[in-house]
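Number of protein chains: 2
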Amino acid sequence: MRELLRVLREHSSVRDYTPEPVTQESWHELLAAAQQASTDATGQLYCAVEVRDVNLRDRVGKWAGDQAHVHAAPRFVVVCLDVRRLRLLLEHRGERYGMKPHVALLFGITDAALFGQNLSVAAEALGLGVCYIGGVQNHVGEIADALALPEGVIPLWGLTVGHPVKKLPPKPRLPRDIVVHVDAYRDPTPAQLDEAYDVMKAATRSGDWLNPLRKYFAESGVMAQREAALHETLKARGLDPCTSP
Amino acid sequence: MRELLRVLREHSSVRDYTPEPVTQESWHELLAAAQQASTDATGQLYCAVEVRDVNLRDRVGKWAGDQAHVHAAPRFVVVCLDVRRLRLLLEHRGERYGMKPHVALLFGITDAALFGQNLSVAAEALGLGVCYIGGVQNHVGEIADALALPEGVIPLWGLTVGHPVKKLPPKPRLPRDIVVHVDAYRDPTPAQLDEAYDVMKAATRSGDWLNPLRKYFAESGVMAQREAALHETLKARGLDPCTSP
Numbered sequence: 001m002r003e004l005l006r007v008l009r010e011h012s013s014v015r016d017y018t019p020e021p022v023t024q025e026s027w028h029e030l031l032a033a034a035q036q037a038s039t040d041a042t043g044q045l046y047c048a049v050e051v052r053d054v055n056l057r058d059r060v061g062k063w064a065g066d067q068a069h070v071h072a073a074p075r076f077v078v079v080c081l082d083v084r085r086l087r088l089l090l091e092h093r094g095e096r097y098g099m100k101p102h103v104a105l106l107f108g109i110t111d112a113a114l115f116g117q118n119l120s121v122a123a124e125a126l127g128l129g130v131c132y133i134g135g136v137q138n139h140v141g142e143i144a145d146a147l148a149l150p151e152g153v154i155p156l157w158g159l160t161v162g163h164p165v166k167k168l169p170p171k172p173r174l175p176r177d178i179v180v181h182v183d184a185y186r187d188p189t190p191a192q193l194d195e196a197y198d199v200m201k202a203a204t205r206s207g208d209w210l211n212p213l214r215k216y217f218a219e220s221g222v223m224a225q226r227e228a229a230l231h232e233t234l235k236a237r238g239l240d241p242c243t244s245p
Numbered sequence: 001m002r003e004l005l006r007v008l009r010e011h012s013s014v015r016d017y018t019p020e021p022v023t024q025e026s027w028h029e030l031l032a033a034a035q036q037a038s039t040d041a042t043g044q045l046y047c048a049v050e051v052r053d054v055n056l057r058d059r060v061g062k063w064a065g066d067q068a069h070v071h072a073a074p075r076f077v078v079v080c081l082d083v084r085r086l087r088l089l090l091e092h093r094g095e096r097y098g099m100k101p102h103v104a105l106l107f108g109i110t111d112a113a114l115f116g117q118n119l120s121v122a123a124e125a126l127g128l129g130v131c132y133i134g135g136v137q138n139h140v141g142e143i144a145d146a147l148a149l150p151e152g153v154i155p156l157w158g159l160t161v162g163h164p165v166k167k168l169p170p171k172p173r174l175p176r177d178i179v180v181h182v183d184a185y186r187d188p189t190p191a192q193l194d195e196a197y198d199v200m201k202a203a204t205r206s207g208d209w210l211n212p213l214r215k216y217f218a219e220s221g222v223m224a225q226r227e228a229a230l231h232e233t234l235k236a237r238g239l240d241p242c243t244s245p
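Taken in sequence, the protein lines are chains A and B. Residue 15 in the numbering used here sits at position 15 of the first sequence, with consecutive numbering throughout. Residue 147 in the numbering used here sits at position 147 of the second sequence, with consecutive numbering throughout.
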C-alpha cells in the first residue's frame with residue numbers, strides 16, 4: 001500500500017479543471033471515505049454544503065475570492081463546523097447540550113478538517129484534483145447567510161474538486177527539525193530560519209517566501225483582515241468564545 | 001487506486017499495539033507524507049512534539065487520560081497549533097506578525113488537523129494503527145508546560161501509532177443526508193434524528209448512542225469540563241480570542 005504514501009507525498013493543489021463532471025457515483029464514494037475519518041467521541045461536529053445551484057455558486061464564488069477555479073470546478077463544497085445537529089440530537093432525547101465555545105471550536109474545526117482531508121486524499125487517489133478555499137473567510141458572514149447556516153454552524157473553508165488539466169509537482173515544506181520536536185519545543189535558530197526561507201522559496205512565484213508570508217500573515221495582511229468578520233459570525237451564531245465562563 | 005479508498009473506508013481506531021517498534025525509517029516516511037498536507041498560504045501553522053522520554057511519556061500519558069494505549073504505543077505525538085514559528089520567521093526579516101486569535105485558531109487548528117489526518121492515513125496504508133487522543137484536553141495546561149510550549153503554541157490532541165494486535169471493523173457514521181447538504185442547510189427532522197440514533201447504536205458498547213453523547217457533550221459532560229483549562233491555556237499563550245478587537 002506504499003502507493004498511497006506516494007499519493008500523499010505528491011499532493012499539489014489543482015486550480016485548473018477540465019469540464020468533465022465528477023459523477024454522482026464518484027462523489028458519493030468520496031463522501032463515504034470522508035465520513036469515515038476519525039471523530040472524537042463519535043460526535044461528527046461538522047457538516048458540508050455542496051454549492052450546486054448556478055446562481056448561488058456565482059455569488060459564493062465571488063465572496064470566496066472570485067477565482068476562476070471556484071466558479072468552474074465541477075464540485076464545490078463549503079465545509080462547516082456544526083454543533084447544532086448534536087444539540088438537536090441531545091434535545092430530541094431530553095438532554096441539554098453543554099459544550100462551550102472554545103472546546104466547540106477546537107473539536108468542531110478538527111472534525112471538519114479530518115473530513116476535508118479524507119475527501120482530499122480520496123479524490124487524489126481517484127486521479128482527481130482538489131483545492132482548499134480559505135477565501136471563504138473573506139466574506140464569511142455573507143456565505144453563512146447565503147447557505148442558510150443557523151446558530152451553531154460556521155463556514156470554515158471550501159474545497160473544489162474536479163479532473164485536473166495538469167498536475168503540478170508538490171511544493172516544498174519546512175525542514176522537519178523545526179516542525180517535529182522530540183520531548184520539548186525548541187525555537188528555530190537564526191540559521192534554521194534562513195534555511196526555512198531558502199527551502200520555501202521554491203513554493204513562491206517571486207522566489208522570496210517573505211512575499212506570501214507578508215501578504216497573508218503580517219500586520220494588515222489577509223488574515224488580519226478576516227478577523228472582525230469571523231468574530232461577528234461566531235457571535236451571530238452562538239459560538240463566540242468571549243461569552244465563555 | 002481504488003484500494004486506497006478502502007483504507008479510508010475501513011479506518012478504525014487501534015488501542016491495542018504489539019511491542020514491535022515503528023522504525024525511524026517508517027516514522028520519517030509517515031512524517032514526510034503528513035507534512036505534504038495542504039496548508040493555507042504555505043503557512044504550516046502547526047508543530048508536533050513526539051513524546052519519547054519514558055518519564056515524560058508516563059506523566060503526559062496520565063494527564064491525557066491514563067489509558068493503556070497512550071502509555072504503551074510505540075509512538076505518541078502531541079499535535080499543536082503553532083503561530084510562534086511564523087512570527088519568528090516574519091520578525092527575522094523585519095516584518096511584524098499580524099494574525100489575530102480567532103483566525104489563528106481557525107487556520108492553526110485546520111493545518112494541524114490536515115497534518116494529523118495525513119499521518120493517520122499514511123500509517124494505516126502501511127498496516128499500522130492509530131488513535132487520536134482528545135484526552136490531551138483533560139490537562140492541557142500541564143501538558144503544554146511539560147512539553148515546554150511557548151507563547152503561540154497550544155496542544156490540541158495526540159496521536160498514538162503502532163502495530164495493531166487486531167483491527168476492528170469500522171464504526172458507523174451519521175446518515176449522509178444530515179451531514180452533506182445541497183445549497184442550503186436543513187435541520188434534521190425528528191424521524192432523521194431517530195434514524196441517526198438507530199444507525200449510530202452500533203458505535204456504542206451499551207447499544208444506545210445517547211450514552212456517549214451525554215457523557216461527552218451534555219451539561220457537565222467531558223467537553224464542558226475541558227473549557228476552563230483550554231481558555232486559560234490560550235490566555236497564557238497569547239491566543240485568547242477575547243483579546244481580539
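In short, the hints are calculated from the structure, not lab data. A few of these clues could be false.
Stated by the list, open to error - Pairs of lysine to any residue residues, derived as SDA-like cross-links and limited to a Cα-Cα distance of at most 25 Å, are as follows: (1) B/K100 to A/R186; (2) B/K62 to A/G238; (3) A/K235 to B/R237; (4) A/K62 to B/K62; (5) A/K235 to B/K62; (6) A/K167 to B/K62; (7) A/K100 to B/T42; (8) A/K100 to A/R186.
Right, here's what the structure says about each hint:
1. B/K100 to A/R186: Measuring from Cα to Cα gives roughly 23 Å; hence the hint holds.
2. B/K62 to A/G238: Given that 25 Å is the threshold and the Cα spacing comes to 34 Å, the pair is violated.
3. A/K235 to B/R237: Satisfied, since the Cα-Cα distance of roughly 23 Å is no more than 25 Å.
4. A/K62 to B/K62: Violated - the C-alpha atoms of B/K62 and A/K62 are around 49 Å apart, more than 25 Å.
5. A/K235 to B/K62: violated (36 Å)
6. A/K167 to B/K62: violated (46 Å)
7. A/K100 to B/T42: violated (31 Å)
8. A/K100 to A/R186: violated (32 Å)
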